Amino acid sequence: RKEVEQDPGPFNVPEGATVAFNCTYSNSASQSFFWYRQDCRKEPKLLMSVYSSGNEDGRFTAQLNRASQYISLLIRDSKLSDSATYLCVVNQYNQGGKLIFGQGTELSVKP
Amino acid sequence: SQTIHQWPATLVQPVGSPLSLECTVEGTSNPNLYWYRQAAGRGLQLLFYSVGIGQISSEVPQNLSASRPQDRQFILSSKKLLLSDSGFYLCAWSRRFSEGNTEAFFGQGTRLTVV
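Chains as they are written, first to last, in the numbering used here: chain R, 61 to 171; chain E, 2 to 116.
Bound conformation, chain E alone (with noise of 0.2 angstroms):
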């Protein structure tokens, strides 16, 4: 069966800091997968999402960035974190098949506070 691992699960950072959140799925192979944030009270915003490894599309102008050195690990990074993106920080994988993607499946998320 398909596993998606998230980690941390909570962080605090000072403003100023870089940050580097990672994801891996197991048990498939060639996985679309995504980054998510959602502010409190809010719905997700789509933040990246790559269809294959070195292949990323950002959704949003921010100084976040997102890499997929392996098929399946996915990683979210800054080099300096803004009070803005404090967030639940959610990384998802859904299959391709021939006319469309399966459902997404979802990691635990991390809260991310900046402080």
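Extracted from the complex, chain R is given alone in its bound form (with noise of 0.2 angstroms):
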């Protein structure tokens, strides 16, 4: 099993629509849970922290639930800009500070 899996994509939805990302991870001690954007050919980039109680930035929304081991991410009234491939990360302190990344969730958001 992997230690970061998540949706197998592309998801392509039109402009407007809401869509949810999901990951799930396999060690119970994982203790940083991020989303990453990445842009064709370009490096990651932060999108927001995962915190327990959840967290919600403009149309982005990620919500962790620890018993489950899942995080997700939802996306309101897509844009075209919301078009790139969006990256789970799991952090295992335990292991001395393993960032791991799951393998991507393309997006493509059509007019």
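Think of the hints as simulated: they come from the structure by calculation, not from any bench. Just so we're clear, the structure is a prediction, and the values are computed from it rather than from any experiment. Heads up, some of the hints might be wrong.
[To be verified] Pairs of lysine-lysine residues, derived as DSSO-like cross-links and limited to a Cα-Cα distance of at most 30 angstroms, are as follows:
id: 1; chain 1: E; residue 1: 81; chain 2: R; residue 2: 102
id: 2; chain 1: R; residue 1: 105; chain 2: R; residue 2: 62
id: 3; chain 1: E; residue 1: 80; chain 2: R; residue 2: 102
Two chains, two separate frames, one set of hints: put the complex together.
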């Protein structure tokens, strides 16, 4: 089983749609969680951290379920500019600071 | 503010040649440092990470090695490149705190093509 697994993509949605990405992790000792965005041929950039209580940043909402070892990202009112690959990231502090990335889910928002 | 520098941006190397990619971080001390590789259309594979000078953890067996000669310098090397070493190499850093790590910040990456 992979340490971090994401929904296989790609997701093709129309502008204005709501889209949700899911991610599961296998190591229950994981302590920090993040969502990154990666544009084609560019480095990943932090989209948002994921807190235990859930957090929202504009059209983006991230949630964490430690019991199920699951995190999610919800994008409301999708824009063309949201088209990118979204990466789930888990920090395993008990292994000295490993940051493990999921394989990414590609999103394509169409007019 | 903190910045991370990674070079070169692109590299074309023949099979069997050596490799040295360098990454430096400014504006912070004692960071965690990482090397990742991303094959075309794939996710990021963690190659090496370091929590301090001379402390390197290797994640996958391969013909690559990493070194951290100074606190904010991380070097990825190979003695003899293989075709399968082609990919997008990314250096990153993060801060440690008592309960985990902050998010990682990436360099702009090196696109390596082995021919």
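To see whether the hints hold, each was checked on the structure:
This hinted pair checks out: residue 81 of chain E and residue 102 of chain R have alpha carbons roughly 27 angstroms apart, not beyond 30 angstroms. Our distance criterion of 30 angstroms between C-alpha atoms is met by residue 105 of chain R and residue 62 of chain R, whose separation comes to about 22 angstroms. For the hint linking residue 80 of chain E to residue 102 of chain R, the alpha-carbon distance of about 27 angstroms falls within 30 angstroms, and the restraint holds.
Of the hints listed earlier, there is not a single one the structure fails to meet.
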